[in-house]
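There are 2 protein chains.
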Amino acid sequence: MREVIVLGIGQVKVDENWDKSLRVLAGEAALEALRDANIEQTQSLFVGNMMSGAANHQQHLGAYLADWIGMRYSEAFKVEAACSSGAAAFRMAVMAVASGDTDLALAVGVEKMSDSPTAEITAELATAADADWEADHGLSFVALNALIMRRYMHQYQWEKEHFAPFSLNAHANGAHNPYARFQKPISESSYINAPMIADPINVMDASPMGDGAAAAIIAPASMFKRSGKPTVKVAASAAATDTMATHHRSEPTWLRAAERSAKQAYQQASVSPADINLFELHDAFTIMAALSLEAAGFCEKGQAPRLAQEGQIRPEGRIPIATRGGLKARGHPVGATGLYQIVEAVQQLRNEAGATQVNNARIAMTQNIGGSGSNIITHILKSE
Amino acid sequence: MREVIVLGIGQVKVDENWDKSLRVLAGEAALEALRDANIEQTQSLFVGNMMSGAANHQQHLGAYLADWIGMRYSEAFKVEAACSSGAAAFRMAVMAVASGDTDLALAVGVEKMSDSPTAEITAELATAADADWEADHGLSFVALNALIMRRYMHQYQWEKEHFAPFSLNAHANGAHNPYARFQKPISESSYINAPMIADPINVMDASPMGDGAAAAIIAPASMFKRSGKPTVKVAASAAATDTMATHHRSEPTWLRAAERSAKQAYQQASVSPADINLFELHDAFTIMAALSLEAAGFCEKGQAPRLAQEGQIRPEGRIPIATRGGLKARGHPVGATGLYQIVEAVQQLRNEAGATQVNNARIAMTQNIGGSGSNIITHILKSE
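These protein sequence lines map, in sequence, to chains A and B. With my numbering, the residue at position 12 of the first sequence is 12, and numbering never jumps. With my numbering, the residue at position 189 of the second sequence is 1189, and numbering never jumps.
One chain only, chain A, in its complex shape (with noise of 0.2 Å):
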C-alpha cells in the first residue's frame, strides 16, 4: 500500500445547529475540506453517520451528499459502526487512496440529533447496543457505562471524584476551542454537584449530544503536498471488534479492542505509547477515557484516573487528551465525532490548535469507540 497524507480538514460548530440541515452541515464541512487542500472534488467518498434514517428520515447519505457538494458521479457509501461511524469512514476513505483504487478521498462524518425528541435518540443510540440481550432490557447507553464505571471503581478503589480531572481538562481545552459545543471551563465543585444520570455518571462526566460534521481529503504523499504547512502524514490505521454484548466479556472494564487496535497501530507505525505526543481519545464518558488509556498503554490497569490527577492529560502533560474540549466539551454528534477527532490531531500536528497547542506535537493518535467498546479504531497520524 502507498503512503497517505490528510491534504484537508473542515468542521462545523458543534451545537443545536436548527438552522442548518442534514445536507447543509454535511456539506459545510466537506467544502471547508475541499478548500483547506485547494481542490475542487475527489472521486471517492465516504460517509460516516449513524442515525439519520430514524433522526432525519434520510438514508443513502453518499449519493445524496456527493450531489448536494458537486460531486455527482463519483463513488460514494455510508459507513457505519454505531459511534465509530467517523473513524469507519476515515478508514475507508484511507484504503482506497493507499490502495490505488483512487488517487483523492472525502471522509465526512455528520449526525444531525437535536430534530428529534432525546427519548427517539435514546432508544436510536441503545441500537449500538445488543438488541436481545442489552437495549430489550431497558440498557441505555449511560446505564451501560454507569455498571462498567460501577466495577472499576469497585475494582480499583475509586471514588466517584476521581475522575473529575478528565471532565475538568476537557471543558478547560473546549474553552479555547471556537468549534465546541461548551466553551467555558468548569470547577471541581461543579463536577461533584452536577445531576446524576445514572449513579454514578453525572452530567459531568457525560458527553452532549449535538448537531455536527467534520471532513478530512486522503492524497497519496507521492503526489500532493501542502504548501506551507507540515505534512501530515496517516501512519496506521487499525480497526477491532469486541462482543457486542458489554456482559459477554471476562474483563468489562478492559477494552479488548482499544488495546488490539492501537497495538496494530503501533506497529504500523513503528512507534511505543512512549513516542505519542497527544491522544485524542473517545471520552464519551469519563470511565472510557480511564478505559482508553489504560487499553493502549498509557498507564497500568486501574490507574489512569492516578494520570489524570498528576495533570498528565493536560496539554502539558506527558500524554495530552481533549486537547479541543474532547467529546466531553466538544460535543458527541455520535457519527461525526470519529473525524472531529481527525480534524483536531491534524490541527495540533499544523501547530494550529491555539492556546491548547501541545508543544512538539508530531505524533498524534485518535481513538474511536462504538458501542460500549465493540468496535474500536485506531489512527496514528504524524506530522514532517
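Hints in this document: simulated from the structure, not taken from any laboratory. Think of the CB as a built atom: it goes at the ideal place given N, C-alpha and C, for glycine as much as any other residue. Hints may contain errors.
[To be verified] Below 16 Å or equal to it, Euclidean Cα-Cα: the simulated EDC-like pairs (lysine to aspartate or glutamate) are: (1) B:K1020 - A:D132; (2) A:K20 - B:D1132; (3) B:K1229 - B:E1384; (4) B:K1225 - B:E1384.
[Claimed, not checked] Listing some non-contacts, in silico: residues in chain A with all C-beta distances to chain B over 12 Å: (5) D36; (6) S114; (7) E188; (8) K233; (9) V271.
With chain A fixed as given, assemble chain B onto it according to the hints.
Using the frame of chain A, we list chain B on its own:
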C-alpha cells in the same frame, strides 16, 4: 492492487423467515461462505444492510455479526448505499484485500423486512430517495419508478405488455432456484392481469420484499486456490453516483451511473459488452431491467424491450439476465441483493446453476442499484 478471487459463497432462501432473526439469517449465509471457502474466519467483515435500525432496532451490524459467527476481534463495519448496500459491502471487501490491508475479507448482505408493518417498510425504503424533494411529497419508490416507466413508454413508444418478457424470464428462471422466494413460472396473461400498484407498474413488474442474506469471501489470487472448482476472479469493481432526486436528471430514462460504472468496469477488465456471458442486473422493477441493459451497452436507447421480446435475455439468449430469478423472483431483501447477485454469478461461472446454467459462462457482470439510479455499482467476474 493485487488480483483477488471469490473463494467462497453462501446464501439463505429469501422468504418471510419468521423463525430466523437478523443475526441467524446473516450468520447462516456467512458460515456457509466460510465452509465453502474452507476457512475458519477472515480478518475483515463488511456488512451490507439498509434498514436494520428501523426494521430490527439493531444497528452496528459489523460488531454484531462478527461476534455471532465467531470472528470476535476482527475488523467489522456496515456499509450502506440503500438498495446497493450489498454490492457496496462486496466492493469494500475487494478493496481491503486488493490493497494488501488484509488477506481474507468477508462480505455479507442481510435484510430482515417481514417483522415490520409494510407501511413502515415502504416509508423506510423512501429514505433512499431525497427526503426534502421526493419522499416529503409522497413519492414512494414504486411511484418514482412508475413515473420513469411512463416516461420511457411515451418516449420510445412501448406498451405495458412489452415489458412482460422481463417478468416471465425472471420467474421461469426462479422456478429452478431453491433459494428464490417464488419458484414457479408465470404466464403472459397473469402478467397482464396482475393487480396494479402504481400505474403502469403492477405486481408482476415489481420485485417482492423478503428476509434474506448472502455472503462472499475475498482472497488474493496468489495465495488461495479452490480445489476442484474453477477459480472466479474479480476482474472489475466500479461505482458511480447520480443526482439524488430523479427530477434533477436531464434524462430520467438514462441511468448515467450505470453507464459510468459499467464503462469503468469494462476498462478495468479489458472487455466490452460483447464479451459478457451473463448479466445479473437490478430488476427491482421491469423498467429498471430495461434501463440497465441500455446503460450498460447491450442495446441502443429505448431498445431493451425488443431485446427481451426476441428472447435474448433468456439463459440461451445473447445476454442472459436474472438467470437465478433476479430481484423479481428470487426476491429483493434490499441490503442483501447485491451479494445474491455475486453468489449467483459465481454459481454460473462454476457451472453450478442447474437448469438455468448459461452455456460456457466465463465472464459475468453484476449491477446493483441504490435509489432510483443514484448509486450504481458494477462488478465483472471471470472464471479460469
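Hint check results:
no., hint, result
1, B:K1020 - A:D132, "13 Å, holds"
2, A:K20 - B:D1132, "13 Å, holds"
3, B:K1229 - B:E1384, "9 Å, holds"
4, B:K1225 - B:E1384, "11 Å, holds"
5, D36, "23 Å, holds"
6, S114, "16 Å, holds"
7, E188, "35 Å, holds"
8, K233, "17 Å, holds"
9, V271, "19 Å, holds"
Checked against the numbered hints given earlier, this structure breaks none of them.
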